[in-house]
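Participant: Read top to bottom, the protein sequences are chains A and B.
Just so it is clear: in the first sequence, position 62 is 96 by this note's numbering, and no numbers are missing.
Just so it is clear: in the second sequence, position 89 is 117 by this note's numbering, and no numbers are missing.
There may be inaccurate statements among the hints.
Straight-line distance between alpha carbons at most 30 angstroms, and here's what the computed DSSO-like set of lysine-lysine pairs gives [to be verified]:
#1 Lys100(A) to Lys70(B)
#2 Lys86(B) to Lys48(A)
#3 Lys70(B) to Lys54(A)
#4 Lys100(A) to Lys85(B)
#5 Lys100(A) to Lys128(B)
#6 Lys128(B) to Lys98(A)
#7 Lys140(B) to Lys75(A)
#8 Lys100(A) to Lys89(A)
#9 Lys86(B) to Lys75(A)
#10 Lys98(A) to Lys70(B)
No lab work stands behind these hints: they were computed from the structure.
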Amino acid sequence: GAVVSQHPSRVICKSGTSVKIECRSLDFQATTMFWYRQFPKQSLMLMATSNEGSKATYEQGVEKDKFLINHASLTLSTLTVTSAHPEDSSFYICSASERGDTQYFGPGTRLTVL
Amino acid sequence: GENVEQHPSTLSVQEGDSAVIKCTYSDSASNYFPWYKQELGKRPQLIIDIRSNVGEKKDQRIAVTLNKTAKHFSLHITETQPEDSAVYFCAAIREAAGNKLTFGGGTRVLVKP
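The shape of chain B in the complex, shown without the other chains:
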């Protein structure tokens, strides 16, 4: 089955700096990669996603890149703000295999004002 590795597990950045989270996946057939933000005790919120036919996608301060050959994808947050502090999870899905999400281990991001 799919295995998703996520790094780093914790990330502390100064407000205004950029944050980068990297994930690798094992199943070359995976074709959909969502990123979720989860605040303490709350539900994961989808913040951006990318499909395997696209190399990069951007939404305001958030961008995701995908390298299918290397089987890794990354989340980039620019101009970080204190409200970006949360746990971020990457995930991978092989849509032909029941659409089951496999999550990375999570990255706890702390943005220091």
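Chain A with its partners taken away, still in its complex shape:
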């Protein structure tokens, strides 16, 4: 089946630093990748949609300069949280879609900003 990996699984950083999270589709080519944020006991909130070779589309309220997304190939998308602050602490999950309907999720990255 479709496998999506995410790295790192957990990261702790100091306030003001930047953190990069990688999302890879391991056995299929993902035409679209999505980035979500999930706070404790809440639902997944879509942050942005990423298509290979083009600029990401951000949801309303998500700062594109703070959450940099790069989709360099059909199997890799990266999310960089720039100048992270404690309120950015969350569970970040990516998903990938091959044909545009079913999304397969990565295992998530738990970011803690001190």
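With the hints as your guide, set chain B onto chain A.
Facilitator: Chain B in isolation, oriented as in the chain A frame:
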């Protein structure tokens, strides 16, 4: 945009009983409805999905029904087991609109042995 409401937010059932989770959506053009199961600290796992041209779909102990007219869909789990305990999310997609998933708020299911 799409809005998905999910009820109940928590559900406690006795092992062996059935569990039903209901969702409503606002965009009549939505045409794909997946259900995900998420265990604590883990990724959402697709457990079943249904398209708008189908009214019901079943996979072993799990079934999903869709009422397009009323714009609601439901997840049914029969013969529940302790390992069914998790958070379940419904979602809706309008495939012509970038295939963005809109999630319901989630239902925390606890199956008591």
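Participant: Which of the stated hints cannot be reconciled with the structure, identified by number in ascending sequence?
Facilitator: When the structure is compared with the hints, numbers 2, 4 turn out to be violated.
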